[in-house]
Structure formats: structure tokens, C-alpha cells
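**Q** This is what each chain is made of:
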Amino acid sequence: MSTASLDTASRGPASPGSPSDSVLGRPLTNSVSLADTVSHSLSMAKRGLLKIKRTPEQLIDVTVQPIIFTLMFTYIFGGAISGDIASYLPVIIPGILVQTVITTSVVTGVQLREDMDKGVFDRFRSLPIARIAPLAGALLADTVRYTIATTLTFVMGFIMGWRASGGIGSVVLAGLAVIVCAWAISWIFAFFGVIARTASSVQGISMIILFPLTFLSNAFVPVETMPDWLQGFVHVNPISHLVTAVRELANNGVVGADLVISLIGAAVIVAVFAPLTVRAYMRKA
Amino acid sequence: MTSTELAVDATGLVKTFGTNRAVDGVDLAVRAGSIYGVLGPNGAGKTTTISMLATLLRPDGGSARIFGHDVQRDAGIVRQLIGVTGQYASVDDSLSAIENLVLFGRLLGLSGRDAKRIAKNLLDEFSLSDAATRPLKKFSGGMRRRLDLAASLIAQPPLIFLDEPTTGLDPRTRNQMWDTIRRLVANGSTVMLTTQYLDEADQLADRIAVIDTGRVVAEGTADQLKASVGASALQVTLTDAHDTDAAVQTMRDVLGFRGNPAFRGDQISVPMADADRVTDLLVELRSRGIHLAEMSVQKPTLDEVFLSITGHGAEPAADELEGAHA
Ligand SMILES: Nc1ncnc2c1ncn2[C@@H]1O[C@H](COP(=O)(O)OP(=O)(O)OP(=O)(O)O)[C@@H](O)[C@H]1O
Ligand SMILES: [Mg+2]
Chain Y
1 MSTASLDTAS RGPASPGSPS DSVLGRPLTN SVSLADTVSH SLSMAKRGLL
51 KIKRTPEQLI DVTVQPIIFT LMFTYIFGGA ISGDIASYLP VIIPGILVQT
101 VITTSVVTGV QLREDMDKGV FDRFRSLPIA RIAPLAGALL ADTVRYTIAT
151 TLTFVMGFIM GWRASGGIGS VVLAGLAVIV CAWAISWIFA FFGVIARTAS
201 SVQGISMIIL FPLTFLSNAF VPVETMPDWL QGFVHVNPIS HLVTAVRELA
251 NNGVVGADLV ISLIGAAVIV AVFAPLTVRA YMRKA
Chain S
1 MTSTELAVDA TGLVKTFGTN RAVDGVDLAV RAGSIYGVLG PNGAGKTTTI
51 SMLATLLRPD GGSARIFGHD VQRDAGIVRQ LIGVTGQYAS VDDSLSAIEN
101 LVLFGRLLGL SGRDAKRIAK NLLDEFSLSD AATRPLKKFS GGMRRRLDLA
151 ASLIAQPPLI FLDEPTTGLD PRTRNQMWDT IRRLVANGST VMLTTQYLDE
201 ADQLADRIAV IDTGRVVAEG TADQLKASVG ASALQVTLTD AHDTDAAVQT
251 MRDVLGFRGN PAFRGDQISV PMADADRVTD LLVELRSRGI HLAEMSVQKP
301 TLDEVFLSIT GHGAEPAADE LEGAHA
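Listed in order, the protein sequences are those of chains Y and S.
Residue numbers for the first sequence, in this note's numbering: 1 to 285.
Residue numbers for the second sequence, in this note's numbering: 1 to 326.
The set of hints was computed from the structure by calculation and includes no laboratory data.
We put the beta carbon where it would ideally sit given N, CA and C, even for glycine.
There may be inaccurate statements among the hints.
[What the hints assert, rightly or not] Examples of chain S residues lying across from chain Y (beta carbon under 10 Å, computed):
hint : residue
1    : Q80
2    : N100
3    : L108
4    : L281
5    : L282
6    : R286
7    : G289
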């Protein structure tokens, strides 16, 4: 700042005193084109990735959790539920996968809340960019987290002896299905993130919803062992459908009705919560 | 003056938070190419006013135009014409300085190469090159402020809002910031800044609006403002505090000032248009049997400006002291 000439200033507005009719060589417009919206969202997603790179400790939930949970659940419940570890793996790997990745999507809402409280959000709001870009960017960047969790869970499974009979193509497809569904569900938590007052309340509400959903499903144990009334819930629980879809795909290479149901469910969630979230977000942004 | 010559043209701006009228009918006219100072104490409504002008807050009443574009109807256009440096850091402290500037550059539509080039130039100009890749958490307050300002200049906006740009800076850094602001304006930008310091408004601003509890209570050049409070301030300390009322009455009689004196501890401070009258005052005080422990003549401070215009001090502390004496 002590340097004699301020270059930026000398490049200053073309004609002082009159409103510029262009900025950075672009004409003034009141609307943001679709192409620009996409480009702004990608820039914001890149910011999300940089943040992950700067603070790798926030990846603990998607790195340590898949490893520990896979080990723990397999060795603790394997013998009791399926007789031995090897025959439990095809059951538990898809279960853990869905549970871990879906739980990870809570972070989207928590971080969104934290982010919106930061001063930098004021700057985003004062820039001539698509209003939706910070939200879209955050949701986009988080798919990286789901991918890490998915990959690690599968790798852990393989190390422990799981052989996906469906073949690598089916495993990738199953992973993608889980990532897509987690992304859809993250809209729910993004909505909480936008309307909640504090990040910890987002975390609290989200966990209250997620805990029953993931455990009252077929993710860890055979449904037949549960009481009838519970089985009723487990069968309608969307998490169960997703777990079944992943099992059918990864273990047997079968694209079943459950995959279709899961993807339709994901689409419905996005259809409901994306507009809700965007509306609430725009009102605040 | 046509409206397009005005960088900022606000009429009757109102913002209420619950029952609190934070901004209560503010009119502002900022000529393009000038520095405009908004002077006011804590909670006066400075930040709220700037936020409405910068499209960050929706006004509850009134309207504002930036270079002729309505802040509500043409918010997208307005955002292309302004740079905003908020009161509190508006950079991302999980990113490095250069990453911040490149991100904002990309968002403003620059190519990756241009964004990097401009970011590097700005860091050079603001003496931040050495810290370009360091995490912001390790930045000093002054460095952060400079980065904040740099981030507002990427698109070379014709109008720059600076909310308390020098609060918390040491005197040297403050002077550098003043130089930077002057250079911006010398090169054709318009700057609207808020401050709590009369001195700063005096040094920088072509025109000043004094705001208090959401209203503009005075507007004009620094000279006009100071003239309204008197060219100087007389400060006296009495030997016997019981004489306070009599002393104030004597000062009213001789100096003819209106408004209220400011009290700082034992010290009474009143505005004075003509330093020559001090002799008359001293004679009159003696003849009334009021004795002085101390006396000085000084330039008016923000406190005196506020007292004279609003009838109460700029600092809450001054209010309390005044109350204690009343
Ligand atoms: N988001 C908000 N919600 C409720 N009240 C608010 C909000 N923002 C500001 N206020 C209130 O509005 C009034 C004006 O605040 P503002 O921040 O504009 O003052 P200021 O002049 O910038 O003060 P300072 O010098 O402390 O920055 C204050 O009484 C403040 O408490
Ligand atoms: Mg403020």
C-alpha cells in the first residue's frame, strides 16, 4: 500500500462522473445468464474444495468413520447375524455404505449455516453473481465427500474379503446411486441449514431424523428378526430400499425395483426441498 | 445537477428491526468522483444505511439509486457498479489471500489467467505479496483490512463503499489507508465511507453527513460542520464544582453559545466561535466569584459536534457524565 502508484486505481473507471455502461468490458445487465450461473456455481464449488484442502480434519467423518464402522460392525455382529464374517460382508458393506454416506450429507447443512454467518457471505451477496451460486457450489463440493466415503467403504470391504459378484461396473453404479441419493437428501439438511439459527441446531435436528432412519432399516440386520410393527416401518423406509438396491447391484449385478424406487425417491426429495431451500435462501441472501 | 451525476441518490431510506427504527428517513446525495463521509456513533445506522445502498438489505421505506439505477429494481446492475468493504472482514479466512482474490475475480467473470494476474497486482499494490499464500488466520488486523479493500477493487467499480475502513488500525496504517482512498478518488472512483472519527471525515471527505439514531442531523463540508460548532472549544475546570451551573450560565451570557456543554470529569467544554471573547469571559467569571483551576482552548472534537447538533454526546460515556452533572 506504500507503493507510489496504485495500478488498479489508475485503470479506474473510464469516465469519472458518469455511470459506466460496462464493467470489465461487459455490458451492464440486471440478469445472470444460465451459463454464468453454472460458471459461478463451479467457482463456488472450487472454493468448497479449497476449504476441504485447507482443513483436512473436516474429512474425518468420511474417512475414519467408514473404516472404523466397517471393521466394528463386521467383527461384532458378523458371527451373530450371518454365522460368519464372510457371509455378513455382502449384507453389511452396502448397509454401512448407505449409512455413512447419508450421515455425511448432514455436514452440508451445518457448514452452510456456518458459512452464511461469515462476513464473506456479505461479499458474495454484493457481487453481481447468480444468487444461487453459493448454495449450489456448497452442494456440489460435498459430492466429493460422498465419493471419498463411498470409495473407502468399498475398499475396506474388499480388504476384509468381500467379493462383489456383480462386477466392478455394478459396484461403480451402486456407488453412484448412493452418491446421487445422498446429494438429494443433502437438500433437506441444506434447508435446515438455511432456516436454522445456529449450526449446532442443524446438527441436532438432522441427527434426530437420521438416526432412526438409518437404524430402523435393513442396513445392519435381517428384517425378519424384528417385531412385525417395526417391519412395517422398515419396509417403507426409503433407506431400506436404497440398501436393497445397492445389495442387488453390487452382489448380484441386478438392477431391481428398489433402485428405481430409490432414484424416484431422490427425485421427489429434490423436487420438494430444492425449491423450498432456494426460496428460503433467497429470502435471506 | 442531474441524477446521473450522482453516484448515490437516496431519499427517505427507512429500515426497522422489530420496533427499532435503525435507519429513519435518510436522504443522501453523493456526487460522482467525490469522497463522502458518513459520521456517526455506535448504532447510529451507518452499516444499515450502507447495506441498503449496497443491495444487501431491503429498505422498508424510501428509495435509493446508484448512478441512476434503483437498488431494488436494478440490483443486478447496481452490484456491477459497486465494491463493498464491510465493517467486518468480508474475505474467506479458510482461504489464502491470493485464493480469495482469484475466487472473487473468477466470480466477476475474469478468466483464470486474468484473475491471477489482477490478484497478484493487487497484492503487490497493497504490500501483501509476501503473505499471499499464508492462511488468513495469521493476518494482522491491518493486513486483513487491506485485503478486504483489495477484494473490492478487482472489478474497478466506479463506486466503493467502505464501512469504517480504519477502525482498529494503528496511526501509520490508518494514514496509508487514507492515501489509498485518496488515490482511488484521484483516479475517478467515488468513495462513500463511514467513520466514527471527526478527524477522519475532516481529512478525507468532500462532504459529510452526520447521522444519529437513524437520522441525518447535519450535512455539509467539514468546514461548514465545524463552523456550526464554533471554530474552537473552550475547556475549563472549576476550583469548586458547585459553581458549575453559574459558570455555564456565564459562558452562555458572554459567549452566546446555544446547545449544551460537554462534561468530561470535572472539565466543562463549550464551543466558541471567536477565541477573542475568552478575555471577556475570564473577567466576567472573576467578577461573579467563580474560580478556575484550569483553562484551555482546543479544536472541536466529534463530541462537541455531536453535542452541538444533537444535544447529546457521541460516546455513551459522555452521555452518562452529562447526566451525572445535570
Ligand atoms: N440485523 C439486525 N437485527 C436487529 N437489529 C439490528 C440489526 N442490524 C443492526 N441493528 C440495529 O440497528 C441499529 C443501527 O445499527 P448499525 O449497525 O447500522 O449501526 P452503526 O452505525 O453501523 O454502528 P457501529 O458504529 O457500531 O458499527 C442498532 O441499534 C443495531 O442494534
Ligand atoms: Mg457499523
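**Q** So which hints don't hold here, by number, going up?
**A** Result: hints 4, 5, 6 and 7 break, sorted rising.
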